[in-house]
Amino acid sequence: MGFNQAQVDSLLAACHRRCCICHKFCGVKMELHHIEQAADGGSDDLSNAVPLCFECHAEIGLYNDKHPRGRKFHPNELRHHRTQWLDVCKDRPETLMDAPQMREPGSLERLLHELEFDSRIAGHLHAHELGCPFETGQFVAAIASGTLLWLEEKTAALVDEAYIAMRLANAAVASAFAQPLGNGRNTLLNEGQDAVRKAGE
Numbered sequence: 000m001g002f003n004q005a006q007v008d009s010l011l012a013a014c015h016r017r018c019c020i021c022h023k024f025c026g027v028k029m030e031l032h033h034i035e036q037a038a039d040g041g042s043d044d045l046s047n048a049v050p051l052c053f054e055c056h057a058e059i060g061l062y063n064d065k066h067p068r069g070r071k072f073h074p075n076e077l078r079h080h081r082t083q084w085l086d087v088c089k090d091r092p093e094t095l096m097d098a099p100q101m102r103e104p105g106s107l108e109r110l111l112h113e114l115e116f117d118s119r120i121a122g123h124l125h126a127h128e129l130g131c132p133f134e135t136g137q138f139v140a141a142i143a144s145g146t147l148l149w150l151e152e153k154t155a156a157l158v159d160e161a162y163i164a165m166r167l168a169n170a171a172v173a174s175a176f177a178q179p180l181g182n183g184r185n186t187l188l189n190e191g192q193d194a195v196r197k198a199g200e
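Numbering (numbering that gives the first Met the number 0), first residue to last: 0 to 200.
Check each hint, because a few of them may be wrong.
Straight line, CA to CA, 27 Å or less: simulated BS3-like cross-link-like pairs of lysine-lysine [what the hints assert, rightly or not]:
hint : residue 1 : residue 2
1    : 28        : 71
2    : 153       : 89
3    : 153       : 28
4    : 28        : 89
Just the calculated beta-carbon pair ranges, DEER-fashion [to be verified]:
hint : residue 1 : residue 2 : range
5    : 8         : 174       : 52 to 62 Å
6    : 174       : 3         : 27 to 37 Å
7    : 9         : 41        : 17 to 27 Å
8    : 167       : 94        : 46 to 56 Å
These are computed hints drawn from the structure, not numbers from a lab.
Beta carbons are placed, not taken as given, at the ideal position from N, Cα and C, and that holds for glycine.
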């Protein structure tokens with residue numbers, strides 16, 4: 000059913016639209032997390048909600064219990080984070096006066112934006128549009144930072160498969176454009192289009 004909107008509005012104002020864990024300003028990117036999940040008996044009462052940024056929310060929701068690294072967030076800790084931050088906002092609001100409002104997106108958020116961009120590329124299959132390769136830089140950065148290690152194995156496998164397909168498509172299209180004009184190039188472009196189509200599936 001979801002949280003009551005009037006109560007949500009009050010909670011977001013109380014936390015100044017800042018994450019209760021990392022304290023970054025989120026603006027419209029604010030998310031609410033059920034401290035106790037519905038599957039575990041959690042309710043839609045606002046006492047069960049903690050405001051989070053995308054990155055912290057993703058770390059909590061995508062943590063891999065079967066192959067753990069680091070320390071998982073538990074409900075009691077989340078309650079403490081919420082209480083402590085709301086107390087700061089209520090009792091010492093002056094601490095927010097000089098806090099920067101801008102925030103850099105985290106690695107998972109950047110990876111998501113890259114995947115969304117790449118899905119739009121996959122929708123353009125005309126030969127003259129194939130010169131725009133799939134972006135893979137955030138995937139490489141996520142590997143380097145260890146971000147993908149947080150993901151559940153099934154989610155990580157899907158991300159891996161998507162980027163393997165996109166890199167194969169990039170290679171096929173690059174090979175086609177490296178050929179001189181003629182039937183050979185057209186054949187390779189057709190193969191490139193097929194690779195782009197598969198990457199978008």
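Earlier hints that do not hold, by number = 2 and 6
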